[in-house]
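Enquirer: Residue numbers are given in the numbering used here: position 124 of the sequence shown equals residue 124, and the series is strictly consecutive.
Keep in mind that the hints were calculated from the coordinates and are not lab data. Since this is a predicted model, take the numbers as computed values, not measurements. Hints are all accurate, no fakes.
Okay, the calculated beta carbon distance ranges per label pair:
| hint | residue 1 | residue 2 | range |
| --- | --- | --- | --- |
| 1 | Ile-147 | Lys-79 | 22 to 28 Å |
| 2 | Cys-15 | Pro-148 | 17 to 23 Å |
| 3 | Gln-253 | Cys-15 | 43 to 49 Å |
| 4 | Ile-18 | Lys-104 | 16 to 22 Å |
| 5 | Lys-266 | Lys-104 | 42 to 48 Å |
| 6 | Asp-17 | Lys-293 | 22 to 28 Å |
| 7 | His-113 | Asp-49 | 41 to 47 Å |
| 8 | Pro-11 | Asn-204 | 47 to 53 Å |
Taking lysine-lysine pairs in the DSS-like style, the calculated list, with each CA pair at most 30 Å apart, reads:
| hint | residue 1 | residue 2 |
| --- | --- | --- |
| 9 | Lys-128 | Lys-13 |
| 10 | Lys-275 | Lys-293 |
| 11 | Lys-232 | Lys-57 |
| 12 | Lys-97 | Lys-33 |
| 13 | Lys-128 | Lys-97 |
| 14 | Lys-269 | Lys-292 |
| 15 | Lys-79 | Lys-206 |
| 16 | Lys-257 | Lys-78 |
| 17 | Lys-104 | Lys-13 |
| 18 | Lys-97 | Lys-139 |
| 19 | Lys-142 | Lys-292 |
| 20 | Lys-33 | Lys-128 |
For every residue, glycine included, the Cβ atom is placed at its ideal position computed from N, Cα and C.
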Amino acid sequence: MGVSMDAKIEPWKICVDIVNNNLDHMEGHYFVKETFKGNSHQEVMIIIDNILTNYEKDFHILDWLDKPTHDGAIEKLKKLVQSAGYSTETPNLNSSKSLDEYYKNYSVSASDHFSSQAQYSASTAARKYILLPLAFDRKVAKMGHSIPNAYYDQSLNSIYFMVGILRPPFFHVENPEYMNYGAFGGIAGHEIGWWSNTTEKTFNQKAQCFVEQYGNFTIKGPDGKDYNLNGKFTLRENLADNGGLKMSFRAWQSRIKFDPQGKKIKNFKLPGQEKYTPEQHFFMFFGRNYFKKMRPEAVLLMVQADNHSPSMWSINGVAQTRLISQGPSSARLGAP
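Please put together the full structure from these sequences, using the hints given.
Expert: Next up, the structure:
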């Protein structure tokens with residue numbers, strides 16, 4: 001378990017990390033050009049907007065929300081900044097001229113690594129100094145463009161979806177919508193959540209069913225024994241997973257409602273997969289996000305120290321809840 005103390009990092013990996021850090025926008029320019037084509041950005045924003053719309057609808061029908069929490073949640077949604085894909089300002093990744101201007105004070109030496117790093121530090125400091133009197137740009141992510149990740153910054157009320165996660169297996173502009181909403185939509189929905197202290201007691205009471213549900217799930221340890229998940233420790237992530245997929249499913253269903261024949265919206269069946277319904281495929285592509293093979297030692301460590309549920313229960317726990325509450329009639333618990 002773990003990495004040997006004698007393990008050495010290959011030099012090329014160090015070089016890649018330095019490029020990712022020092023020339024992230026330059027790297028992002030070519031990454032975006034290769035992977036984020038056509039109207040990908042428009043399609044991603046449609047998914048995000050539809051999910052946010054369903055969150056707002058949900059807030060209006062939750063009778064246990066006190067007024068400050070209800071009003072705060074609605075205000076948060078309306079003021080939420082969404083950044084998907086890449087920056088078009090400071091710098092514009094689509095503009096070579098903008099990138100040249102951004103990196104004009106940074107020169108890289110092919111023979112002197114120390115000098116290159118010193119140049120990077122100096123140019124970064126100078127750039128930050130110039131930005132001091134300017135309004136803070138909430139659309140600028142604090143993460144490299146190629147990283148397959150998404151995150152919510154509570155201090156800025158902003159959500160960020162890096163280009164690295166806006167590509168297969170999470171998203172592709174030519175995918176049928178059940179694939180994109182099942183895979184990427186669940187991730188987008190995961191990043192939104194807000195509760196006030198005055199509602200915490202009621203919230204915790206209603207969340208107890210999730211604590212018990214996940215607390216009854218078990219994993220097999222390296223010693224062959226069964227170990228229960230800590231439903232309370234993983235509660236926040238489990239709720240985000242469940243809520244995110246719930247809203248993504250509703251958003252996708254609302255799209256089908258206005259175009260049941262699929263004349264405008266892509267919901268065609270995949271070749272060789274005609275026996276499955278679009279609803280079943282939705283859950284399949286959600287599950288593919290989390291599927292991974294881990295050693296028993298790693299799974300046990302995750303149960304003991306990580307606030308995320310192991311992949312098996314990140315998938316099956318959410319699917320179980322959704323199938324019981326609103327899932328398609330063609331899907332049943334225990335079915336393969």
